Amino acid sequence: MNLQAFLILFREGFEAILIVGIIISYLNRIGQSKWNKYVWVGVALAVLASLGVAMLFQIVLDGYSTMGSKDYLRIAILLVSAGLLTHMILFMSKQNREMRSKLQNKVSLILTTGGAVNMIVHSFLVTLREGVETVFFFAAISQGDISQALQSWGAVLGLLTAVVLGLIVFKSSKKVQIGTFFKVTSIFLIMIAAGLFVQAIGVMQDLKIIGSVYKTSGGEIGQMYDLTWLMPEHPIDETNYIRDTGHHPMIKGQVGIFFKAFLGYTQDPSLEEFVGYWMFYGFVFVMLARQKRLAALADEAEANRSTSSSSSNVTTADSEQELTVVAFEEKTVTIKAAPNSEELPLSVRRASR
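In UniProt numbering, the protein residues as written are 1 to 353.
Treat the hints with caution; some may be incorrect.
To be verified - In silico lysine-lysine, BS3-like type, Cα no more than 25 Å apart, as pairs: (1) K102 to K171; (2) K208 to K106; (3) K34 to K102; (4) K102 to K183; (5) K183 to K171; (6) K183 to K292; (7) K37 to K171; (8) K102 to K292; (9) K34 to K171; (10) K37 to K102; (11) K171 to K106.
Bear in mind the hints are in silico, worked out from the structure with no lab data behind them. In this text the structure is predicted, and so the values were computed from the model without any measurement.
Construct the complete structure from the given sequences, taking the supplied hints into account.
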């Protein structure tokens with residue numbers, strides 16, 4: 001959980017810092033730094049609201065636990081969190097290039113219309129979105145214990161790393177490749193999302209909500225393979241394996257925890273878990289490839305429009321120049337043929353005057 005908490009809060013925290021930093025930098029650049037205080041008020045309110053959402057969410061989770069329905073809520077949280085992570089990855093890959101200009105246009109509109117409340121609300125909403133997403137993700141990775149995830153060293157270290165990176169981006173004179181950061185962290189988040197999706201499938205099978213097309217002779221859900229001998233996914237599984245076989249696995253369960261959190265590793269997946277895991281990766285990468293192709297087509301169309309517009313302007317200018325030269329040459333020839341102005345045609349005599 002610590003690794004997952006680190007990656008999630010690092011990504012979400014840095015995204016929030018990046019958005020707020022863009023707004024503050026833009027206000028300073030156009031000489032409107034007096035609005036900065038309203039931005040920070042919105043950020044502070046969003047942080048408090050996010051903590052309130054976390055507390056409310058924890059109360060709801062505890063209530064479902066006392067009613068014996070916590071597992072059903074956990075399934076919903078796992079699926080929603082996997083969906084939110086996927087949406088965030090796809091959204092950022094599409095909006096990354098336009099994020100700065102869109103934020104600046106929004107701030108310019110607020111400055112034009114006036115009103116400190118609008119600035120507070122805008123900074124509040126853009127920050128609150130990251131906070132609420134973090135609450136959902138923490139509920140998923142901690143099996144409903146949000147406070148434990150928030151207090152973990154992974155969450156603390158992730159937030160501190162996000163702050164340090166944010167300071168480097170906005171204070172350093174060297175250019176930091178933000179796009180590279182989002183691409184790398186997106187790969188990690190895709191792995192986490194795939195793991196959450198597979199966990200949801202596993203819980204649904206444990207609760208008999210869904211079955212399996214591959215079953216044992218006794219009617220139980222069968223496993224595609226069993227890698228407990230190689231790397232159990234938890235120290236408890238390691239202990240049970242040693243007790244049952246008298247042998248130690250090749251890789252300890254502590255390492256298995258890392259791979260389960262990082263890659264969604266399962267030591268003995270069912271057919272549905274195995275297929276669902278790789279289908280999830282396939283879906284995400286197909287969508288990313290589609291977005292990349294559409295972006296390339298849009299850039300090509302924009303370049304063609306620019307080229308066509310430039311060619312049209314050049315052609316118009318050349319045509320006007322040719323008409324001027326032809327008129328000038330015609331007038332010159334006519335004058336040489338009839339040096340006496342009285343013998344010139346009426347149109348040329350008028351032009352020569």
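Structure-based check of all given hints:
no.	hint	result
1	K102 to K171	holds, 22 Å
2	K208 to K106	violated, 49 Å
3	K34 to K102	holds, 21 Å
4	K102 to K183	holds, 20 Å
5	K183 to K171	holds, 22 Å
6	K183 to K292	holds, 13 Å
7	K37 to K171	holds, 19 Å
8	K102 to K292	holds, 20 Å
9	K34 to K171	holds, 20 Å
10	K37 to K102	holds, 21 Å
11	K171 to K106	holds, 23 Å
In summary, the structure is inconsistent with hint 2 from the numbered list given earlier, while agreeing with all the others.
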